[in-house]
Structure formats: structure tokens, C-alpha cells
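S.K.: Going down the list, the protein sequences come from chains A and B.
Count along the first sequence from 1, then add 868; that gives the number in the numbering used here.
Count along the second sequence from 1, then add 847; that gives the number in the numbering used here.
Careful: at least some of the hints might be erroneous.
Stretch by stretch, here's where chain A covers chain B in the computed footprint (C-beta under 8 angstroms, at least three residues) [what the hints assert, rightly or not]:
(1) 914-920
(2) 960-969
(3) 982-989
The following label-pair restraints were derived from C-beta to C-beta distances [what the hints assert, rightly or not]:
(4) B:Ile1011 / A:Phe940: 51 to 61 angstroms
(5) B:Gly1118 / A:Leu928: 41 to 51 angstroms
(6) A:Val976 / B:Ile851: 47 to 57 angstroms
(7) B:Ser1014 / A:Gln981: 26 to 36 angstroms
(8) B:Gly1167 / A:Gly957: 13 to 23 angstroms
(9) A:Gln981 / B:Ile1011: 32 to 42 angstroms
Calculated from the structure, these hints are not laboratory results.
Just so you know, these numbers come straight off a predicted model, no measurement behind them.
Glycine is no exception: its CB is placed at the ideal position from the N, C-alpha and C atoms.
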Amino acid sequence: MPIIEIVFYLFGAVLIASALSVVTVGNPVYAVLFLVLSFFSAACIWLLLQAEFLAIVLVLVYVGAVMVLFLFVVMMLDVDGEQRRLQIGRYLPVGFLVAVAMAAQLFVLIWTQGLELQAMPEPYPESFSHTRALGELLYTDYLYAFEVAAILLLVAIIAAIALTHRRRPKTRYQDPSDQVKITKGERVRLVSMASERETSEARGGNGDKS
Amino acid sequence: MTLIDLQLALPEIFVLSMTCILLLADLFIPAHRRGLTHLLAMLTLIFSAILTVRLMMPAGQEALAFSGTFIRDRFGDILKIFSYLTLAAVFVYAKHYLRQFDLLKGEFYSLSLFALLGIMVMISAGSMLTLYLGLELLALATYALVAFNRESLPGSEAAMKYFILGSLASGLLLYGMSLLYGATGTLALAEIGQSLELSTTGSGLMLTFGLVFVVVGIAFKLGVVPMHMWVPDVYHGAPLAATLFIATVPKIAGLALVIRMLDDGLSGLHGDWQMMVAVLAALSLLLGNLAAIAQTNIKRMLAYSTISHMGFMLLGILAGTPDGYASAMFYTLAYVIMSAGAFAVVIMVSTPDHEAQEIDDFKGLARRNPWQAFLMLMLMFSLAGIPVFLGFFAKWQVIAATINAGFTNLAILAVMTAVVGAFYYLRVVKVMYFDEPETEQAIAVPYDFKALLSANGLAVLALGLFSGGLIELCISAFLTG
């Protein structure tokens, strides 16, 4: 068995195992972490297919950014795993229907297309780089569209800031320069009053209660 | 990419650079000197107009750049020049409103200019990819403009509706485009046109499906029946400055979208889309004009009037001939001029404590501001299509194109609904001239506002009397060399 197949089966097994764990583990934080593992295994399988750009983007974008956001959300929301587990029966019929529909689709696809083994594509030469190929296309043929897409993102930022950034009249702000300049006289007020004296009323009140 | 590519896209590059400069400069301009931002935006538009006029393509020639994703032709140049001028007018009118309502912020200018950039990208789109990106750029900036007044609940509601329905329409359009890409194997509009001409199998199922989705997407962006639901709500809820913007410049982009998509790309499917466009136009004419009668709110009334006018514009598209397209272009430009003026008068009537919403707010305007009321009268007559005004000649051209295309029934319907439409335009005139005003006090407006409004109102008359020049210009846009 060539090394590439061993590696493929290894990552494939990890992928399936972690994907199964995502839906079976009770703790949502573990589920997110298993999802990270499954994304990572998928990225490794893409690397085996020499799709190195996709693999890197999957790790950077999904593992690096999206899943961290997921973790944030899961940790902020108080998701009670046990509570969910009790309600699972309610969604069972719907889930069953969806599963049947998906299975039927898969079946039809395999029925019409067949499931023959495809030959492994010829490996690219060592000097070949998807990143370079993509970059060359993006910065020549699609330069104009690429730039317009960049402006689109800029407008999204401006619009978001214009719509959310505001100074509400009631909000309190810290002013560091005021804080530094403050003097003792403004913070502490010395009150001259008579020395300590027994307050008989307070005592009497307590006594009544007990 | 070569230097020539950059030269062809010079107006776009100029607008983008100036907008980014404006964006940064605005941060250093104190709030009480916001006039500087306004000045900078106006200068940007004026210089873009000069630049485009000087680089204007001769009739019948076109140049492709950036591997065919960008197209420069006379049609695009004329539309761009009109977009700059209209946006400049919008800025002058809007400044008065924004200042009164304490909304004068730099973002209004930067977002509007980015929307203009999106319109320019759409006008010059040589491929479906750039057409879509330009559309999204325009739409994204417009959503933010509608929600510009964050204190206003109707404004937020309108922005939400516009955003959700707009994304849905963008999705439909994109889906249609992807089907067309699947059927023809190319994104470039010119190549799609060629492959449709060469194909002997006629319109396949995939092409027809793609076409339907594209037409639905276009119909939404134009706001024609039955995809018109957002128009009255958005016009009504948005702050008047944003309504003024939506009612004018994006209409030019709508025309560009129709021409680029249906003429440049899908002229081979003319037989298929002709009936769809005819149905859209007929429904818009009927519903727009009938529903406008029932409105007491001037913004909603003008919104329904927009729907009917866009229906009218589609009549020009029906024929699928250069003359027909020229009439649609003439109609759009005429409508934009009239609509800008009409909304400007609505802005004028608004005071800080009371944004003009109802037609009753115009009561006795002729006694308060006789000259502005007369301008409004001309604008309303023009929108109604009464002779000697611009609107009449625009309607005439379109109806002539419709009859030439063999749709006599539609032409009759168009004339009849125009007569129905005259009722609600004339009602505004009646309210202005024959109703008693609540106060006799004249409304004070700044000089630049007054001067531009006078020019706008007189242009409707002058372009009506001498409509030949504008018509020639529109026809020259569709000459093939």
C-alpha cells in the first residue's frame, strides 16, 4: 500500500470520527473543537489532492476565524446540553424526513451517474502552484472585478460604522485628562462633626424587633 | 492590463480616488464647516463631468478594457455625465434638508459617491460579474443611506425592508446569471450575445430559466409591478434626502442594467423576453397610476408615480431596436430631471419641526412662494405628460416606439393610464393654487437651492420646447459604427 493511501485513510478516519463526535458529544465546546478537527482533517485531504490553496484558506478562514467566533458564541450563550437532549424526541420526525430526502437524493445520483472508481489524476509538476495560478488570473483577467469587490468591502465598513457609531447623550465617557488633573480637594470632602455618641434610637429599634 | 486600460477607466479611477480623499478629509473637518465636504463632493462631480466629456467616445465606437470586463461607449459616457449632474443636484437639494434636520454628515457624501461609483461600474459593465458587483455596490450604499437617520423608526424599518427584499432580488439575479453562465459558458456579455446568435438549437430550457430569473431581478431593481412592494415603503420611510437620491440617480443605473443585460447580452432571446417585459410594463402602468390616486402622502404618491414611469420606460425596451432603446433612454433622463425637481420642492416645504409628508402640506403654496409653486406646477404638468413640457415628448417617443414594435394595445393602455395619472399630478397643483394656506409666511430657502430649483424647473420647459438636442444625443448613443 503506497504511503499516500495510508495517509488518506488516516485523515479520512479522523475526519469521520470527529464529524460523528460533533453531533454526539454533550458539551457544545467539545463539539466546536471536534468541528475544528474535522475541518483540519479535510484540509489535509485537500493537500493530498494538491489543492494547497484551498487547504490553507480552509485552515485560515474556517479554523482560524469562523470557528473562533463559534467558540465565542457558544461560551457566551448558556447552552444547556442536557436540556437539549431531553427535547430531541420533538425534532425526530422532521430529522427523519430530512434524512430520508437526502438519502433519496444520494440514491438517485448514484443510480444515474454510477459509482465507478475514478483514476487518480496525474500529479502536477513540483513547480506548479495553485496560489500562483489563482493570483495570476485574479490580477490580470479579473483585476477590475477584484478591485470593485474590494471597494464593496470598504463601503460595507463605512456603512456599518456610519450606522452604529454614535455618541448617545446618556452614555458616560472617561476623560483621562480630567482624571489626571483632579486634586484632592475635589475628591475628598472633610466634614467637621461632633465626636462619636451612642444612638439610643437605633438600639431601641433593634431591641423591638428581636 | 495596460496603460490604455487605465486610461479608459479614468473617470472611475478619478471618482474613487476623490471619494477616498473626501472620506479622509471629512475626518479633519470640524462639524460646523461641513460645507467644505459638500464643496469637495461638488468639485469631484464637476471635474468627473469635464473629464468624461473630454474623453467622450465618438458615436458608434466602443472600447473594451480589463479583458472585456469593462466597456466604454457613447451610451455609457452620456449616462455617466447625467449621473454626475443629477448627483450634484441631489447634493445641493439634500444639503438644505440635512442641515435643517441636523443630519449633515460626511458619510452622506461618501456613501452617495460610492453609490455613484457602483452606477458607473454598472453602466460600463462588459461582463455579468462586473454588472453584478456594480449593482451590489450601489445597493449596499443605498441601504445605508435609507437608514441614515438613526433616530427615525420608519427609516430603520424602510432600510430593513429594502435590505431584505434587495438581497433576495440580488440572489435571484445572480442565480439567473449563473444559469446563463452554465448555458453559454462565458460571463462576458458580448460573448453571450455571440453564442446566442450562433446557436441553432434556439433557447434551451436552461437559458429560458436563466432569463426569467434575470428579468425578475431587473424588475425588482427597477421597482416595477409585481416586484414593486418595496418602492412606496422605502420612499416613505427614508429621510427625504435619501428618497431624493433613490428616486433619481439609480434610475439611470436601472436603464443601464436593462440595456447591458437584455440588449448586449440577451438580444438573441428577444422573442422570449419581449412578452415578459410587456406584461411588467402593462401591470406597472395600471397599478402605479391607479394606486397613486388613493395616496394622501406626497412621498408615497411620487413612489407610485415612479412605478408607472418605470413601466413607461420598459415600453421603449420592448421593441428591441436602437430607436426603441433611445426612446427608453430619453424617457429615463427626462424622468430623472422631473423627479429631482419634484422632490426638491417637497424638501423645500419641509421645516425642521415638520417633514413634509402630506399633500396637504402644499396648501396655498402659490400664495406663500409663488415662483416655486409655479415651478412645481411645471414639474407636475411635465410628469403628467402635458404638451410643451419635457414629459410629453418623452411619452411621445416611447409610445411611438411601442406602436412601431406592433404593440398598439399597449400604446392605447399607456395613453389611457397617463390620462388617469394626470388626476393626481393636477391635484397637487389644485392644492397649491386653490386651497387656503395655514400661514401666509413664505418659506425661506438658500440661494443655491433656489437657483438650482429654478434651473431645474425651467429645464423641463426648455428641454420640452427644444427636445431635439436631447433626442439626438440619445439616438447617437445607440448608433452602430
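S.K.: Hints numbered earlier in the text: which of these fail when held up against the supplied structure?
M.R.: Result: hints 4 and 8 break, sorted rising.
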